[in-house]
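In the order they appear, the protein sequences are chains A and B.
Each residue of the first sequence is one higher than the last, beginning at 1 in our numbering.
Each residue of the second sequence is one higher than the last, beginning at 116 in our numbering.
By construction, these hints were calculated from the structure, which means they are not laboratory data.
Hints are supplied without guarantee of correctness; some may be wrong.
[Claimed, not checked] Once the Cα atoms are required to be at most 27 Å apart in a straight line, the calculated BS3-like pairs of lysine-lysine come out as:
1. A:44 x B:184
2. B:184 x B:173
3. B:184 x B:137
4. A:101 x B:173
5. A:9 x A:57
6. B:192 x A:101
7. A:44 x B:137
8. A:101 x B:228
9. B:184 x B:164
10. B:164 x B:137
11. A:44 x B:192
12. B:184 x A:101
13. B:173 x A:57
14. A:44 x A:57
15. B:137 x A:101
16. B:173 x B:192
17. B:184 x B:228
18. A:44 x B:164
19. A:44 x A:14
20. A:44 x A:101
[Said to hold, decoys possible] To list a few chain A residues with every Cβ distance to chain B over 10 Å, as calculated:
21. 8
22. 11
23. 16
24. 19
25. 20
26. 27
27. 64
28. 65
29. 73
30. 80
31. 84
32. 104
33. 114
34. 115
In this text, a Cβ means the ideal position worked out from N, Cα and C, and glycines have one as well.
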Amino acid sequence: NAGVTQTPKFRILKIGQSMTLQCTQDMNHNYMYWYRQDPGMGLKLIYYSVGAGITDKGEVPNGYNVSRSTTEDFPLRLELAAPSQTSVYFCASSYPELAGKYEQYFGPGTRLTVT
Amino acid sequence: AQSVAQPEDQVNVAEGNPLTVKCTYSVSGNPYLFWYVQYPNRGLQFLLKYITGDNLVKGSYGFEAEFNKSQTSFHLKKPSALVSDSALYFCAVRLMEYGNKLVFGAGTILRVKS
Chain A
1 NAGVTQTPKF
11 RILKIGQSMT
21 LQCTQDMNHN
31 YMYWYRQDPG
41 MGLKLIYYSV
51 GAGITDKGEV
61 PNGYNVSRST
71 TEDFPLRLEL
81 AAPSQTSVYF
91 CASSYPELAG
101 KYEQYFGPGT
111 RLTVT
Chain B
116 AQSVAQPEDQ
126 VNVAEGNPLT
136 VKCTYSVSGN
146 PYLFWYVQYP
156 NRGLQFLLKY
166 ITGDNLVKGS
176 YGFEAEFNKS
186 QTSFHLKKPS
196 ALVSDSALYF
206 CAVRLMEYGN
216 KLVFGAGTIL
226 RVKS
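Isolated chain B, as found in the complex (with noise of 0.2 Å):
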């Protein structure tokens, strides 16, 4: 089945220290990844995506996504965490389905502290 893992309930992370949140995906064919952002009582917002090309894409916010095919990851990642980053992060997948849905891992909660 296609899926997409995100292992971490909880990352915490110090202001100013380099943060990571990881996902793993399984899916046939090249993916189409994302990551969103949520914020209380929020809607998702986009972060960054990746499709094709280089495997580091940058996005919103300072944040950053590496893709490796061979793990199969696409992690997060920012070099200096900020207390306003805390928030849900979503890991997706594309599917070429159902209108091209999106497959959400559980996501992910960083906390930031000063």
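The following block holds chain A by itself, in its conformation from the complex (with noise of 0.2 Å):
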């Protein structure tokens, strides 16, 4: 398995320009995420999925936007970039909660530069 993978690795945009963020899994999870990292502090969500079709916001969707036509797939679009958006994105996925399992996978990330 190749587990949860991102693309890009790195992107500079400029202000005002859009770009997807691509994240697959191919562990058939149901739960997929996307999450934040800002230096010094702890991640923060911006979007989650619960299945196909099944999309939410999370504490900071503002800017951003999800799909998730597929089980593998949960792209998430910027429009507008904005440098309050420059950050290291991570892309997560989990088992639903009867499997028993809690915890989250993570891809290796996307880090972005609005400028």
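Please dock the two separately framed chains into a single complex, following the hints provided.
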């Protein structure tokens, strides 16, 4: 299993540009998440999904959008990039509650700089 | 508010010595607690978890953690540190909302010197 994969690894955007961060998992996990990590702080939840076709906002959703058309893929869309979105973005996935496994599995991250 | 605190920004320890990385939590109900490790330019790797049962849980790479309900703590430990243990460590608690999201502490840098 490749686990959770993310592309690209690095990206520099100009203010006002848009982009999509890709996330794919091959573990057949129902739950998927997008977090951002800012220096000196823990991870903050942007959006999450409990299954294909179902998404919902996390703590810091403004400026982002997501979709979940398949179990495997959970892309994160940035519209009108702003310097405040400079961060490292992590995608994660986990089993549903009833599976008895509670840990999340993380991708390698995308480092985004908006200038 | 439900939260996790890691009171030390950095922990320094000599190779071969025992290490402890501290974590305290504030949640309602029974906590599901986790430790993750992050190496430079890498994603977070799961180390261990406490869900229920024995207060001492063992995880990957020789790490263990002790759950203490009365002190609301979940400290990470290892009997003998290795230089390769040097990394950023995160404590996290799972919430029953937002799709069972994890709430993370700010992280503790562990530096093991030879």
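Of all the hints numbered above, which does this structure not satisfy? Sort the numbers upward.
8, 13, 17 and 32
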